[in-house]
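Trainee: The chain contents come next:
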Amino acid sequence: MLGLNKKDATFLLIVVLLTLFTPIIMQPFAANSGLDQFNGGYPDLMQKVAIFGIFAVGFNILFGLTGYLSFGHAAFLGVGSYAAVWMFKLLTMNVIPAILLAMVVSGLLAVVIGFISLRRSGIYFSILTLAFAQMCYKLAYSVLTPITNGETGLQLALSDPRILDGTNESASLPVTNIFGLAMNSSYKVEALNRVFTFNVGFYFCGIVAILAFYIAIRLFRSPFGMMLRAVKTNQQRMNYMGLNTRPYTLAAFVISGMYAGLAGGLLAAMDPLAGADRMLWTASGEVVIMTILGGAGTLMGPVLGAGVIKYLENIFSKINESVLHSWFHWLPDGLEHAVVWVFARFTGEGWHLTLGLTFMLVVTFLPGGLVEGTRRIKSLMARLRRPKAGRTEPKADDQPSPFKKPL
Amino acid sequence: MDGILLQILNGLDKGSAYALIALGLTLIFGTLGVVNFAHGAIFMIGAFCAVTLSRLLSLSFETVDPTKTDFLGNPATIKTPYVEAWFGPEFGGALIDWAVPLAILFSIPVMIVVGYVMERGLIKHFYKRPHADQILVTFGLAIVLQEVIKYFYGANPISTPAPEVFIGSFDFGMMLGFDPNVIIYPYWRLVYFLFAAVIIGAVFSFLRFTTFGMVVRAGMADRETVGLLGIDIDRRFTIMFGLAAAVAGMAGVMYAPILSPNYHMGMDFLVLSFVVVVVGGMGSLPGAVAAGFLLGILESFASMNEVKSILPGIDQIVIYLVAIIILLTRPRGLMGKRGVMEE
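From first to last, the protein sequence lines are chains A and B.
Read in the working numbering, the first sequence has 359 at position 322, and its numbers run on one by one without any break.
Read in the working numbering, the second sequence has 186 at position 126, and its numbers run on one by one without any break.
Keep in mind the hints are simulated off the structure, nothing from the lab.
Every residue, glycine too, gets a C-beta built ideally from N, C-alpha and C.
Treat each hint with caution, since some may be false.
[To be verified] Each pair of labels, with its calculated beta carbon distance range: (1) A:M278 - B:L254: 22 to 28 Å; (2) A:D308 - B:F266: 53 to 59 Å; (3) B:P391 - A:D308: 41 to 47 Å.
[To be verified] Straight line, CA to CA, 27 Å or less: simulated DSSO-like cross-link-like pairs of lysine-lysine: (4) B:K188 - A:K175; (5) A:K355 - B:K368; (6) B:K188 - A:K269; (7) A:K44 - A:K269; (8) B:K368 - A:K269; (9) A:K126 - A:K175; (10) A:K225 - A:K43; (11) B:K210 - A:K175; (12) B:K128 - B:K139; (13) A:K43 - A:K355; (14) A:K415 - A:K44.
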């Protein structure tokens, strides 16, 4: 189906279903149940998960496949946002031209940066990309202020031309839409004591994310993907075999830059403003963290990482001391204060501490990320389930069979 | 001419900070082969050592002065720092005034312990792992350290003044025969530069003229052979890590009066220091120092109005631009050695 083998097709189908039912899945706790603050089914968070999923999938095409660790991907995200907002200002509030332009512009930028940075590898590549991203950030703050509006950030204004939309009589700012369907409109269903929000913006992001994910699967399974993996394994050998690897790595860089631009364009489409902060190197670090946490080089990993981080970020920063007190009120007083104090260090304001610690633990003990973690748990379960006596007998699966095609 | 001299002087203090951090980074990289993204955080912790010491010294108790009243009519309270009560107002006052330089003494043991714990506790386990893993785990560590400091000291910059003697500027141009009021230079920046020069000289002579330094240099060249000679090279490298941390920490302490310490100053400096290290050549100590001063001075030249009017915005990006040009024309940096980190 769609040029995928059966396993990938099922995988994609699962992803599609998960995406379409996200508003329901992320609302597992009934209202007033005390746990409803763990619900993530509000549009802003769901959109962010989808958008950063795209960003991380794109980053993974570069880092996961070729092993080139870019510390400057946020530049593409930021440029994509600026391009999209300019499209909203000048042409139309429809999001399609905006995200197309975002991809084109960030793709062009990626060609330039990639062409220069990919001359070096290893840490030099990381530093070069970092330097370029910081340059973009600093320029956006200083000289390019006419384009980027400096510290204030680029925003919509009533006086913008918007050629295709015609004149705007109303006194309020127009909203981003797709052929008339406003991005911020939602359809709410109250059922089972829960409120399910079906948001247009989320579904738009979700569908784009599915497309992006599908392209990534195809890319991973293609000869091109194989070539990129070969670059990661041993680039020198590839060169000795008389093959110029640079076009391949450059293509990977540009593709992943365009993914980042797409994500930036979508960010602007959900909330039409763009600031230079999106290009700061901490933003580049964030996508690195997402990809590693989920599992670099795997298909599902980056999406998982983006989802987990964005979800925890939203949930953790909401948990303040009073919430903690209400959780631990059953403890004796002194102990309660101690427990709340400890937990408060890691929640609310301390979310970044949790993030940093988790990230360190994952890099140290689980280099393959969450995906490898689940795999390990699975194999552990399988080992536990198998009876002890059976272990001495040779297993049929272990024997190489001429009739079975190896995977 | 005087304009050029002024810019060179202005670049020196920033260049010194870059050079000191880059020196530590290169030491760690050259000895242990680890790319340490947490080095900026060590610089930041150093700056907060200065904050801590000045706070400790000005801890005070309150006494009620019955003869005076404040504007609400209550008896006024007078705060007397403990050190002034113990050592007399003159010496105690001087101690508080000199908190920042004293913090160097305070920071050395702290930073060595921090460096030792970091190396033994975490980085030790990453020698055999790819460089990407090292970058990532130290990046995580940097976030953690930053958040810990943010919890204890808050998110706002804390101003930490230099001793009163060094506040203000002097007319450096007069000494060299220029017109008065052309080259005005703050005292503390000169102190910072001299301090950096002393530290850099000390590190170099330590490596050059002591047996310990000789062994470390031998280990940098060929770790295995040194190990085969029956020398515990790992222990020495750990000590070097502590030393590198102390250098960065002291750089941070002395920088506190120039830039009020805030919890993310380390990250800001780290990015630039990495650029400096790469420009100087990965693993080359003189390269790191030279590139640090070079980039610091270039940055201050680029912020001259004459330059800015020709190339707007150049002051913001000159370092990165130079880094890119150098990496493309001299792939190993200014003084890099063949075969270091090329993969």
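Trainee: All hints are to be evaluated individually against the structure, with a verdict given for each.
Mentor: Hints versus structure:
| no. | hint | result |
| --- | --- | --- |
| 1 | A:M278 - B:L254: 22 to 28 Å | 56 Å, violated |
| 2 | A:D308 - B:F266: 53 to 59 Å | 55 Å, holds |
| 3 | B:P391 - A:D308: 41 to 47 Å | 42 Å, holds |
| 4 | B:K188 - A:K175 | 36 Å, violated |
| 5 | A:K355 - B:K368 | 45 Å, violated |
| 6 | B:K188 - A:K269 | 18 Å, holds |
| 7 | A:K44 - A:K269 | 25 Å, holds |
| 8 | B:K368 - A:K269 | 42 Å, violated |
| 9 | A:K126 - A:K175 | 23 Å, holds |
| 10 | A:K225 - A:K43 | 36 Å, violated |
| 11 | B:K210 - A:K175 | 25 Å, holds |
| 12 | B:K128 - B:K139 | 14 Å, holds |
| 13 | A:K43 - A:K355 | 42 Å, violated |
| 14 | A:K415 - A:K44 | 18 Å, holds |
Checked against the numbered hints above, the structure breaks hints 1, 4, 5, 8, 10, 13 and satisfies the rest.
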